[in-house]
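S.K.: Protein chains in written order, with our numbering: chain A, 1 to 267; chain B, 1 to 351; chain C, 1 to 527.
Relax, there's no trap hidden among the hints.
Cut-off 20 Å, straight-line C-alpha distance, at most; resulting in silico cross-link-like pairs (EDC-like, lysine to aspartate or glutamate):
1) B/K210 x A/D207
2) C/K396 x A/E106
3) B/K91 x A/D230
Per label pair, the in silico range of CB-to-CB distance:
4) B/G261 x C/P313: 18 to 26 Å
5) C/D242 x B/G154: 42 to 50 Å
6) B/K341 x C/G353: 54 to 62 Å
7) B/A59 x C/D15: 34 to 42 Å
8) B/T142 x C/D15: 25 to 33 Å
9) B/A59 x C/G429: 43 to 51 Å
If you are wondering where the hints come from, they were derived from the structure by calculation, not from laboratory data.
Where is the CB? At the ideal position from N, CA and C, for every residue including glycine.
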Amino acid sequence: MISSTAARMGGRFRRHSGLVVLALALGLLGTMYAAFAPASRADDAKTATSAADVRAGQQLFEGGCISCHGRNAQGVPDRGPSLVGVGAASVEFQVGSGRMPMARNEAQAERKPALYDNGQIHQLAAYIESIGGGPQIPSMTLRKTDATTIAEGGRLFRLNCSSCHAFGAGGGALSSGKYAPSLYPATDRDIYAAMLTGPQNMPVFGDNQLTPQEKVAIISYVQGQKGDQDPGGLGIGRTGPVSEGLVVFLVGITGLLIATLWIAGKS
Amino acid sequence: MSTGHHTPETDFDVNDPQATQFDLVREGARRDGVEIVHYAPRFPVPGTEAERRIERRIASLLVLAGLAGLAFVVIYIAWPFHYQLGVNQGKWYTPLLGATLGVALFSIGAAVIIWGKRLMPEEIAVQDRHDGASPDDERKLTAATLLSAYEETGLRRRPLLKGALGLAAAPLGVAIGAPFIGSMIKDPGRELFKTGWGVGTHLVRHDGTKIRPSDMKPGAVETVFPGIPGGATNVHADSPTLLIHLREDDAKKAIAKARTGYENAHVGNFFAYSKICTHAGCPASLYEQQTNRLLCPCHQSQFDVLDGCRPVFGPATRSLPQLAIALDADGYFVSQHDYTKAVGPAFWERP
Amino acid sequence: MPKLDTAKAASWTDDRLAVASPVRRLMNKVFPDHWSFLLGEIALYSFVVLLLSGVFLTLFFDPSMQEVVYHGSYTPLYGMPMSRAFESSLQLSFDVRGGLIMRQIHHWAALLFMASILVHMFRVFFTGAFRRPRELNWLIGITLLILGIAEGFAGYSLPDDALSGTGLRIMHAIVLSIPVIGSWTAFAIFGGEFPGTAIVPRLYIAHVLLVPGLLLALIAAHMGLLVKQKHTQFPGPGRTEDNVVGHRMVPGFAAKAGGFFMIVFGMIAALGGIFQINPVWLFGPYEAAVVSAGSQPDWYVGFLDGSTRLMPPWETRLFGHTIPSLFWPTVFLPGIVFTLAIIYPFLEQRYTGDRRHHNLLERPRDNPTRTALGAMAIGFYTVLFISGGNDIIAQKFDISLNAMTWAGRIGVLVVPPLAYYFAHRICLGLQQNDREVLAHGVETGIIRRLPSGAFIEVHQPLGPTDDHGHGQLEYAGWAVPKKMNRLGALGASVKGFFVPVEQPPEAPVSPAPAERKELTGARGDEK
Numbered sequence: 001m002i003s004s005t006a007a008r009m010g011g012r013f014r015r016h017s018g019l020v021v022l023a024l025a026l027g028l029l030g031t032m033y034a035a036f037a038p039a040s041r042a043d044d045a046k047t048a049t050s051a052a053d054v055r056a057g058q059q060l061f062e063g064g065c066i067s068c069h070g071r072n073a074q075g076v077p078d079r080g081p082s083l084v085g086v087g088a089a090s091v092e093f094q095v096g097s098g099r100m101p102m103a104r105n106e107a108q109a110e111r112k113p114a115l116y117d118n119g120q121i122h123q124l125a126a127y128i129e130s131i132g133g134g135p136q137i138p139s140m141t142l143r144k145t146d147a148t149t150i151a152e153g154g155r156l157f158r159l160n161c162s163s164c165h166a167f168g169a170g171g172g173a174l175s176s177g178k179y180a181p182s183l184y185p186a187t188d189r190d191i192y193a194a195m196l197t198g199p200q201n202m203p204v205f206g207d208n209q210l211t212p213q214e215k216v217a218i219i220s221y222v223q224g225q226k227g228d229q230d231p232g233g234l235g236i237g238r239t240g241p242v243s244e245g246l247v248v249f250l251v252g253i254t255g256l257l258i259a260t261l262w263i264a265g266k267s
Numbered sequence: 001m002s003t004g005h006h007t008p009e010t011d012f013d014v015n016d017p018q019a020t021q022f023d024l025v026r027e028g029a030r031r032d033g034v035e036i037v038h039y040a041p042r043f044p045v046p047g048t049e050a051e052r053r054i055e056r057r058i059a060s061l062l063v064l065a066g067l068a069g070l071a072f073v074v075i076y077i078a079w080p081f082h083y084q085l086g087v088n089q090g091k092w093y094t095p096l097l098g099a100t101l102g103v104a105l106f107s108i109g110a111a112v113i114i115w116g117k118r119l120m121p122e123e124i125a126v127q128d129r130h131d132g133a134s135p136d137d138e139r140k141l142t143a144a145t146l147l148s149a150y151e152e153t154g155l156r157r158r159p160l161l162k163g164a165l166g167l168a169a170a171p172l173g174v175a176i177g178a179p180f181i182g183s184m185i186k187d188p189g190r191e192l193f194k195t196g197w198g199v200g201t202h203l204v205r206h207d208g209t210k211i212r213p214s215d216m217k218p219g220a221v222e223t224v225f226p227g228i229p230g231g232a233t234n235v236h237a238d239s240p241t242l243l244i245h246l247r248e249d250d251a252k253k254a255i256a257k258a259r260t261g262y263e264n265a266h267v268g269n270f271f272a273y274s275k276i277c278t279h280a281g282c283p284a285s286l287y288e289q290q291t292n293r294l295l296c297p298c299h300q301s302q303f304d305v306l307d308g309c310r311p312v313f314g315p316a317t318r319s320l321p322q323l324a325i326a327l328d329a330d331g332y333f334v335s336q337h338d339y340t341k342a343v344g345p346a347f348w349e350r351p
Numbered sequence: 001m002p003k004l005d006t007a008k009a010a011s012w013t014d015d016r017l018a019v020a021s022p023v024r025r026l027m028n029k030v031f032p033d034h035w036s037f038l039l040g041e042i043a044l045y046s047f048v049v050l051l052l053s054g055v056f057l058t059l060f061f062d063p064s065m066q067e068v069v070y071h072g073s074y075t076p077l078y079g080m081p082m083s084r085a086f087e088s089s090l091q092l093s094f095d096v097r098g099g100l101i102m103r104q105i106h107h108w109a110a111l112l113f114m115a116s117i118l119v120h121m122f123r124v125f126f127t128g129a130f131r132r133p134r135e136l137n138w139l140i141g142i143t144l145l146i147l148g149i150a151e152g153f154a155g156y157s158l159p160d161d162a163l164s165g166t167g168l169r170i171m172h173a174i175v176l177s178i179p180v181i182g183s184w185t186a187f188a189i190f191g192g193e194f195p196g197t198a199i200v201p202r203l204y205i206a207h208v209l210l211v212p213g214l215l216l217a218l219i220a221a222h223m224g225l226l227v228k229q230k231h232t233q234f235p236g237p238g239r240t241e242d243n244v245v246g247h248r249m250v251p252g253f254a255a256k257a258g259g260f261f262m263i264v265f266g267m268i269a270a271l272g273g274i275f276q277i278n279p280v281w282l283f284g285p286y287e288a289a290v291v292s293a294g295s296q297p298d299w300y301v302g303f304l305d306g307s308t309r310l311m312p313p314w315e316t317r318l319f320g321h322t323i324p325s326l327f328w329p330t331v332f333l334p335g336i337v338f339t340l341a342i343i344y345p346f347l348e349q350r351y352t353g354d355r356r357h358h359n360l361l362e363r364p365r366d367n368p369t370r371t372a373l374g375a376m377a378i379g380f381y382t383v384l385f386i387s388g389g390n391d392i393i394a395q396k397f398d399i400s401l402n403a404m405t406w407a408g409r410i411g412v413l414v415v416p417p418l419a420y421y422f423a424h425r426i427c428l429g430l431q432q433n434d435r436e437v438l439a440h441g442v443e444t445g446i447i448r449r450l451p452s453g454a455f456i457e458v459h460q461p462l463g464p465t466d467d468h469g470h471g472q473l474e475y476a477g478w479a480v481p482k483k484m485n486r487l488g489a490l491g492a493s494v495k496g497f498f499v500p501v502e503q504p505p506e507a508p509v510s511p512a513p514a515e516r517k518e519l520t521g522a523r524g525d526e527k
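Work the whole structure out from these sequences, hints included.
M.R.: Right, dumping it as structure tokens:
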């Protein structure tokens, strides 16, 4: 789908060489950013796993995770699920975003500052990986900046993601206190891992359902929108009519009420 | 209105050369039933510092309005406004226009109001009201005129004409209304009971690709469309369906609770339910893969996927209809037949 | 001299039209001055802005459902199939110079129009301005409110984005839910199955021609009746049922109204530029399978969305037919609400037996029952309104969505009676406070020690007192001064914008015209 659209648009792009230059420049900027960004978890996860990592991961697991997820990560009924086969991607997402370990057993694991550093997460991932395999985040660029990819990502986002995470990617409420989180704090790898593993109540989007290219397209769209300054002024949360209604009363009506008091007041 | 209240009691001579302009104003007001009971300049002694201060304030507001208006025009013409993803100059186009126009209009408004409040003479005027009904004799005259108009037609004593008029008017009235209503009427027939699904229609993705069981992991959900021309477009707005791959344990529960006639509607652990909410027709597509609930984002109806998509919370009263699915010879998902229940919101004819 | 030319033009016109007296009569029309009388003006001025900006939008918007592929400058939608209506909305926003701010001004003006109608209606209700002889204008006002909702909804649906499409889908379900005629009506309106291609062009013609025409005619009638019947006024010194005390229309009232128009317009322009509204490009084109968490209607439809969310799942089935639960909160409830609003003036007349003419307003405290009923209605409305956004509230404040729904269900039953009770008590308390000041005077803050050793606070009576030192002024529903500086006994307090400028109140009807004549005469000579 992507490639065919790209082919269709190739001619147009040649005509708009300025756009290409811009895309290249942005791409370069992105690469430089990735290169110089403060040690991302990406770099650690890419390094090879060793038997030592697995052993260290097991120790970490038995120190911090075993009470809920049980011996050999087999799970404990009513406390924590089995982690056999969840894969390194899941560990990186859950532990890296601070969701695990949970503060208490509740409906929703919240994003919070990570308890483990990147090295430890890598070791934990290696251990879980060693038990039952499972999905891994591929070592490739997870974001593109060309218009076609972004537009295609937008289509997929609206079809698969916006129902829970909302058009503005700000998240939304689910049943009984659960919620789909805002995507604003999420990194490329977070989003990729989430789609791949389906953390908490999120459905799983395996590679046969959303191909890695399509996942990249979605990430490109989401991250592009996050970094996009609103063309119409303040975005007021990009939540739509609720915040607009709030503004019309708090700013519009309140401001004009003050004006009426001034106009009708004695001079 | 105070017509007819030109009381010539006071003998005010409009042409009196001694009369000041204000005397004329007051006389005009008096003839309109308005008494100016208090009228005084804000600054009895002209040219004081206080007065000049207010003049300066008004003038500076007007100058500000002019400058902001000019800025608006300059920005409107010269500022780049084309869209570019990211943070850039063009994104300031609309905010700058709004801010400058807002400042310009607000300044003019404030200047005019300060002018009115602080420089124009203060006055209190009292106007008489003359409301209530018209005088009795006026009413009587009008009533007589109306009645006579009716009686001149003689409708009262010409019942034939009265009837004939009715016969002429009623069909004509209908004739004028009929095209408006008649052209719009369309028999719903069985349309509301049908969707794009048929016997052996492929379940396809938005881009038209077919789906195999191996494409979806346990805990996955996919929006599928009937694999017919235009199946994923709004022509078949009732057809979007959720294909859900339940986990092994959950699937057992769901199968145990399968409704009569739907015992074989699933393929393995795959279940297909209509995406269109039975409440108001929004896509009820917020799938919680651990609690196995579907939530509709419009009015928060919640459906239990393990129990035939029965509504468990919110305003919805009916289960989401299940689409009976099977696999074709090549292992792709197909529908066994169309939905057996009407999809989407309820209506009168629906049993 | 230019003055001569004006005079010539005036004579020329009057020679032909004989308008000298009507024009002067109009200019001399007296309008009372109170801040709350300006609320309806906000609605009027917003409507003017709506007309102006709306005309601009029609130059670029194309209400066509023809499918096209987007090649405009908003790159995140590049190459997407969409309807021509949505494409032209995007073009309008991104490829027309100044198009986006016009769209945003139009939308903000619409929200402000509806908000000011509501606030204006509260003022009219709580001061009893709808009483005889103004029942007709109340009816016109409610009709304007209903038409405004319809007009707003039609406009919200036009761009054919995913949010408005979701709204239309719900509207379709609402029409379907009407007993007996639902499905036929829905097919007639939509020209077949949802969504079809007829609805957007039809809504367009309703939005730009039919409803605005009606609105314009009714607004003209609303203003015409106001001029004919003259404005109401609050009771006060010199103000009676038979007069209007205030400024003449020209120049005093006209200056304020003209200035206020500019301020309202300025507010809308600032909102339109600074706050992004209805970013259809984020929503994408409407597709039946696409939806977003937190899908809402614009605020003025929010209370109906709320009632729908709170409705328990009660469906009526009779003889093989269905009355969907959706019917009750979306058709039946607004039917009841607007009927009650329309007949309220007549209900009140019936229950109070008060059928007299009223040109003097009542302060809300002076009619506790009406105020309490109004508070009850607002309480009911507010619970529904908040429930209309309960998912956003649940998400932002980390509350369970189901708990929000239940809170709304209970609240809609509990809040209105509580609001009635408290509003009633507060009204009586405020009245009592006024009466107390009339009887005992204003607190001066001066403490005096009596020879017996007791301390008392000295009160300043507002008028003549009887032998016991009690004031003899009758309670008249006037505003009662409660501070010494309101009486002029203390200096004016700080002058300022947010603090009312406190000066000794001038007697509105002051005698001694001779003295004034001198002043004004001098001014007249100058000219």
